[in-house]
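Enquirer: Residues per chain are reported as follows:
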Amino acid sequence: MKAARVTDVLQESEHVWTVRFDLEGSALPGQFAMLWVPGGEEMPMGLSYIDWGSKGATFKVVGDGTMALSKLKPGACLGTKGPLGRGYAIKGADIIAIAGGTGIASLAPAIELAVSGGKRVTVVLGAKSAGEMLFEKRLKRLSVNLQLATDDGSLGKKGFATDIAQRLVEKGGYDQMLACGPEPMLARAARMAEEFGIESQCSVERHMKCGLGLCGACALGGARVCVEGPVFVGKALLSMPDFGKRRLAPSGKVISF
Amino acid sequence: MASLSATVGKLRLANPTILAAGILGMTAEQMLEALKGGAAAVVTKSIGLKAAEGHPNPTMVETECGYLNCMGLPNPGIDDFKPEVEGVAKHDGIVIGSVYAKDAKGFAALARKMESYGASAVELNLSCPHAAGLGAEMGSSLTRVRNITRAVKKAVDIPVFPKLTPNVQKIAGLALAAEKGRADGIVAINTLKAMAILPEARTPILSNAYGGYSGPGIKPVGVRCVYEIAGEVDIPIIGVGGICSGRDAIEYIMAGASAVQIGSAVAAHGPGVFAKVCAEMGEFMTANGYKRLSDMVGAARGGR
Ligand SMILES: Cc1cc2nc3c(=O)[nH]c(=O)nc-3n(C[C@H](O)[C@H](O)[C@H](O)COP(=O)(O)OP(=O)(O)OC[C@H]3O[C@@H](n4cnc5c(N)ncnc54)[C@H](O)[C@@H]3O)c2cc1C
Ligand SMILES: Cc1cc2nc3c(=O)[nH]c(=O)nc-3n(C[C@H](O)[C@H](O)[C@H](O)COP(=O)(O)O)c2cc1C
Ligand code: FES
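So the sequence lines, in the order shown, correspond to chains B and G. Per my numbering, numbering through the first sequence is continuous, rising by one, with the last residue being 257. Per my numbering, numbering through the second sequence is continuous, rising by one, with the last residue being 561.
It should be emphasised that the hints constitute simulated quantities derived from the structure, not laboratory data. Please read all numbers here as calculations on a predicted model, not as lab measurements. Hints are not guaranteed to be accurate.
Unchecked claim - Not everything, but these chain G residues come out facing chain B in the computed CB check (under 8 Å):
#1 GLU310
#2 VAL318
#3 ASP337
#4 GLU457
#5 THR460
Glycine included, each C-beta is placed from N, C-alpha and C at the ideal position.
All chains, full assembly: derive it from the sequences and hints.
Expert: Here it is, written out as structure tokens:
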């Protein structure tokens, strides 16, 4: 475990925060880190910033661990393991990225990398409502085709991100689909990509304990999400009977989504 | 070609490598990955009577020469674990069911269920160093090791392997107690009780403060334990602790082990580590004129 220093803590929306810290080294977009506020619970977080000298995580406050992260002050000590796992491998010239909720956190660095690599990028950014739209400004600064979608229609188009994406994909032209969000959304995205013959890469979540590929807590099919994931090729996910349907609770009990 | 086939009492194995308890042993699919990766058998996660979440995170941290963990025996409970054991057994995989309980009656009940699900043997976790009142806390008592082993032996027909803790003055004494309880073999070692501190945070990293040390750093301790146990008992020994290569495995075999388990090395090498270790063992045997694995068992003991 490495001790990093917190450099910035930013509130992005009512429940979403970004913590920046001075962890040095290279990281791939889509990789994650185990973050630990000493004395609290350690948890996995996708990296929303992957600069050499500075990393970041953008997260929704859902419990004690994320609450403690949001209350950090610059200068505080943050225990880190990582970067861990496999990130996005961007392929082709024309990319469509689909993000649901905090899913944009780990997709944003991939989108930035694709744009700087000269790819054409379409981003479908979905949220429940206008107040929860994340990274809209960060993406507007890039030359991407940005499509906003909200469940209640309070910003952008009304509907699920996958429905908006479907209309774009039907017109054709995309080489690759990247997706991060709730698993039922990922299952729809992966199936859509299959149907239209596009390669897809989806970032999935499982309850994680060790983050090192040993304890088996993060099982998905025969894979360990912390090592072989969190980003998987959609085709591989669709061949796993538990994808989109079942996962392990912290005890190892099998539970449905 | 040197033959790697191994026998541990009644258990016949295609090679001497087995997946250690608590590594990838939560689901059938993951255990099948270890078998695909070359393991001759798999040990399940240690399973108890009821579901338990284990300790909160941080439960694992990397150190210079291995890992510290305080998983705290998370498991779905024996009844929910049935499909996982059956899922391996139905593909003809050899499953060793690891169980833990707070008394002999609990161990016997769990072992009976593992047997009915299709396990080929049971391993008794008398050695977890980070679960209050369980594991090593009972596994350090000679009478309890003997009585628990005896109770499980009465309950099942499959082989019974108590797994011992190195966190005692004399591990060979525990092995002798297990043999008196009619154990079919001994598994040694579980992790070493240990601690890691993050200096910047001025606090132990693991949520349980103490954890168990595994990986390359504990291999010399494990080899010493197996050597001592082999001098004390006649039943077969399964060696475990820090094995990453064929040479590591051979150290255990020459100390007196009939087979080995591999855990932490799965992190660095993936589930393919078993085939890697076997290939390296085969090369060593060919280069040094060993035809059978049994020719190496206890070879470093010089008749002791
Ligand atoms: C690879 C990966 C990347 C992630 N990236 C992000 C991200 O970028 N932004 C974000 O907001 N969230 C992310 N998460 C989810 C995040 O880990 C949980 O929201 C966080 O652990 C909640 O902790 P808590 O103590 O606040 O809540 P708790 O009250 O402990 O739990 C609330 C819920 O969070 C989830 N959770 C809790 N502990 C874990 C754990 N150890 N592993 C996985 N899920 C857990 C469970 O669904 C639980 O029901 C990611 C998860 C994974 C596996
Ligand atoms: C993450 C982890 C979980 C473990 N869980 C168990 C367990 O449930 N039961 C058990 O008897 N041993 C457990 N162990 C101990 C291992 O089975 C093994 O005895 C020990 O790690 C030494 O072997 P190694 O160095 O090859 O890992 C666990 C070890 C690790 C690292
Ligand atoms: S979290 Fe332990 S194996 Fe992935």
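Enquirer: All the hints need checking, so say for each whether the structure fits it.
Expert: Results of checking the hints against the structure:
Proximity of GLU310 (chain G) to chain B holds as hinted, the smallest CB-CB distance being about 4 Å (cut-off 8 Å). Given the 8 Å rule on beta carbons, the hint for VAL318 (chain G) holds: about 5 Å separates it from the nearest Cβ of chain B. A hinted interface residue such as ASP337 (chain G) counts as satisfied when its beta carbon comes closer than 8 Å to some beta carbon of chain B; here the least separation is about 6 Å, so the hint holds. A distance limit of 8 Å between C-beta atoms decides the matter here; for GLU457 (chain G) the minimum to chain B is near 4 Å, and the interface restraint holds.
About 5 Å separates the beta-carbon of THR460 (chain G) from the nearest beta-carbon of chain B, less than 8 Å, and the hint is met.
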